[in-house]
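These are the residues of each chain, in order.
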Amino acid sequence: QLQLQESGPGLVKPSETLSLTCTVSGGSISSSSYYWGWIRQPPGKGLEWIGSIYYSGSTYYNPSLKSRVTISVDTSKNQFSLKLSSVTAADTAVYYCARHGNIVVVPAAIFDYWGQGTLVTVSS
Amino acid sequence: QSVLTQPPSASGTPGQRVTISCSGSSSNIGSNYVYWYQQLPGTAPKLLIYSNNQRPSGVPDRFSGSKSGTSASLAISGLRSEDEADYYCAAWDDSLSGLVVFGGGTKLTVL
Chain A
27 QLQLQESGPG LVKPSETLSL TCTVSGGSIS SSSYYWGWIR QPPGKGLEWI GSIYYSGSTY
87 YNPSLKSRVT ISVDTSKNQF SLKLSSVTAA DTAVYYCARH GNIVVVPAAI FDYWGQGTLV
147 TVSS
Chain B
281 QSVLTQPPSA SGTPGQRVTI SCSGSSSNIG SNYVYWYQQL PGTAPKLLIY SNNQRPSGVP
341 DRFSGSKSGT SASLAISGLR SEDEADYYCA AWDDSLSGLV VFGGGTKLTV L
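Chains A and B, in that order, give the protein sequences. Our numbering numbers the first residue of the first sequence as 27 and each following residue consecutively. Our numbering numbers the first residue of the second sequence as 281 and each following residue consecutively.
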């Protein structure tokens, strides 16, 4: 059974960089069939896609966040990571990692396995 | 303001059939598949419907999806108390360099 687990600091100061890692177990992140994505959810609000990465390093980002986002992959550790720079209180959210369908083959919004999510609060 | 538009709330009594709508445009729902997610309180979203009307293994056939033009719907028949959750539609949007867009979510209350 595929499992994803987010990890990283739960508190980040304004203007600093938010860094999270997603560890994939029960399957290989190097599968040609999938991208791996980050989605966030501010408290009491809806879902927002941040971006997704292929094992080769190919990325797709949400244009609204693109200038501040970097997603990277470490296939040797079966992990992928998110960095969001210059954070403000508006970036306070639960951050989820998820397995994303292969966007190149069929552009799609399918996320079939999710991590449990981690709350990141931006506050001084 | 979400790209896909959903009603903020819906309700029904046990056994009823309820539908949740999702409205988009030609660049998202009009040209790509629609997906539906169920989010129970305090948990991560779960894929409920994929490719407009397909159910992943384990999802009861009480849940069904449909799409017409630039709109989609999720129907839940034989409503049960455990269906009380937030429901989100999603689609790929071809604008700019492409992105995933979500609806704002619909909170379903089982009365």
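In short, the hints are calculated from the structure, not lab data. There could be a bad hint or two in this list.
In silico lysine to aspartate or glutamate, EDC-like type, Cα no more than 20 Å apart, as pairs [unchecked claim]:
id, chain 1, residue 1, chain 2, residue 2
1, A, Lys71, B, Asp341
2, A, Lys39, A, Asp117
3, B, Lys387, B, Asp374
4, A, Lys71, A, Glu42
5, A, Lys92, A, Glu74
6, B, Lys387, A, Glu74
7, B, Lys326, B, Asp374
8, B, Lys387, B, Asp363
9, B, Lys326, B, Asp363
10, B, Lys326, B, Glu362
11, A, Lys92, B, Asp374
12, B, Lys326, A, Glu74
13, B, Lys326, A, Glu42
14, A, Lys71, A, Asp100
Computed beta-carbon distance windows for the label pairs [as the list claims (entries may be wrong)]:
id, chain 1, residue 1, chain 2, residue 2, range
15, A, Ser98, B, Leu391, 27 to 35 Å
16, A, Ser57, B, Leu391, 19 to 27 Å
17, A, Asp138, B, Gln296, 40 to 48 Å
18, A, Gly83, B, Ser331, 35 to 43 Å
19, B, Thr293, A, Ser93, 20 to 28 Å
Far from chain B, by Cβ distances over 10 Å, these chain A residues were calculated [said to hold, decoys possible]:
id, residue
20, Pro35
21, Gly36
22, Ser41
23, Ser51
24, Ile65
25, Glu74
26, Ser78
27, Arg94
28, Asp100
29, Lys103
30, Thr114
31, Ala115
32, Thr118
33, Gln142
The structure displayed is predicted, hence computed values, not measured ones. Each residue gets a CB set at the ideal place from its N, CA and C atoms; glycine is no exception.
Consistency of the hints with the structure:
With a C-alpha separation of about 28 Å, the suggested pair Lys71(A) and Asp341(B) falls outside the 20 Å cut-off, and the hint is violated. The suggested pairing of Lys39(A) with Asp117(A) holds, with an alpha-carbon distance near 11 Å, which does not exceed 20 Å. Simply put, Lys387(B) and Asp374(B) have alpha-carbon atoms about 28 Å apart, too far for the 20 Å limit, and the pair is violated. With a C-alpha separation of about 23 Å, the suggested pair Lys71(A) and Glu42(A) falls outside the 20 Å cut-off, and the hint is violated.
Only pairs whose Cα atoms come within 20 Å are accepted, and Lys92(A) paired with Glu74(A) is accepted, the gap being roughly 13 Å. Under the criterion of a C-alpha separation no larger than 20 Å, the hint pairing Lys387(B) with Glu74(A) is consistent with the structure, at around 17 Å. With a CA separation close to 24 Å, the supplied pair Lys326(B) and Asp374(B) exceeds the 20 Å bound. Straight-line distance between C-alpha atoms of Lys387(B) and Asp363(B) comes to about 10 Å, which keeps the hinted pair within the 20 Å bound.
Among the hinted pairs, Lys326(B) with Asp363(B) is consistent with the structure: their alpha-carbon atoms are about 12 Å apart, no more than 20 Å. Distance restraint check for Lys326(B) and Glu362(B): the Cα-Cα separation of roughly 14 Å lies within the 20 Å cut-off, and the hinted pair is therefore satisfied. Restraint check for Lys92(A) and Asp374(B): satisfied, since their Cα atoms lie roughly 16 Å apart, inside the 20 Å limit. A C-alpha spacing of about 15 Å is found between Lys326(B) and Glu74(A), which places the hinted pair at or below 20 Å, so the restraint holds.
About 31 Å separates the Cα atoms of Lys326(B) and Glu42(A), which puts this hinted pair outside 20 Å; it is violated. A threshold of 20 Å between alpha carbons decides the hint, and for Lys71(A) with Asp100(A) the separation of about 31 Å lies outside it, so the pair is violated. Range check, Ser98(A) to Leu391(B): Cβ separation about 47 Å, and the 27 to 35 Å hint is violated. Between Ser57(A) and Leu391(B), the C-beta spacing of about 44 Å breaks the proposed range 19 to 27 Å.
Range check, Asp138(A) to Gln296(B): about 29 Å between beta-carbon atoms, so the 40 to 48 Å window is missed. Range check, Gly83(A) to Ser331(B): Cβ separation about 28 Å, and the 35 to 43 Å hint is violated. Hint check: Thr293(B) to Ser93(A), Cβ distance near 48 Å, so the stated range 20 to 28 Å is violated. Non-interface call for Pro35(A) relative to chain B: holds, since the shortest CB-CB distance, roughly 20 Å, exceeds 10 Å.
The non-interface label for Gly36(A) is consistent with chain B: the shortest C-beta to C-beta separation is roughly 16 Å, beyond 10 Å. Every CB of chain B is more than 10 Å from the CB of Ser41(A) (nearest about 26 Å), matching its label as outside the interface. In this structure Ser51(A) is separated from chain B by more than 10 Å, as the shortest Cβ-Cβ distance comes to about 16 Å. With 10 Å as the threshold on Cβ separation, the claim that Ile65(A) sits away from chain B is violated: the shortest Cβ distance comes to roughly 8 Å.
Distance check for Glu74(A) against chain B: the nearest CB is about 7 Å away, which does not clear 10 Å, and the non-interface claim fails. The non-interface label for Ser78(A) is inconsistent with chain B: the shortest C-beta to C-beta separation is roughly 8 Å, within 10 Å. Every CB of chain B is more than 10 Å from the CB of Arg94(A) (nearest about 15 Å), matching its label as outside the interface. The non-interface label for Asp100(A) is consistent with chain B: the shortest C-beta to C-beta separation is roughly 23 Å, beyond 10 Å.
Once the 10 Å rule is applied to beta carbons, Lys103(A) is consistent with being away from chain B; the minimum gap is 22 Å. The beta carbon of Thr114(A) is kept farther than 10 Å from every beta carbon of chain B, the shortest such distance being approximately 19 Å. For Ala115(A), the requirement that its beta carbon stay farther than 10 Å from each beta carbon of chain B is met, with the minimum near 19 Å. Thr118(A), annotated as away from the interface, keeps every beta carbon of chain B farther than 10 Å; the closest lies near 17 Å.
Remark: the non-interface label on Gln142(A) conflicts with the geometry, its nearest Cβ contact in chain B lying 6 Å away (cut-off 10 Å).
The structure does not agree with the numbered hints 1, 3, 4, 7, 13, 14, 15, 16, 17, 18, 19, 24, 25, 26 and 33 stated previously, though it agrees with the rest.
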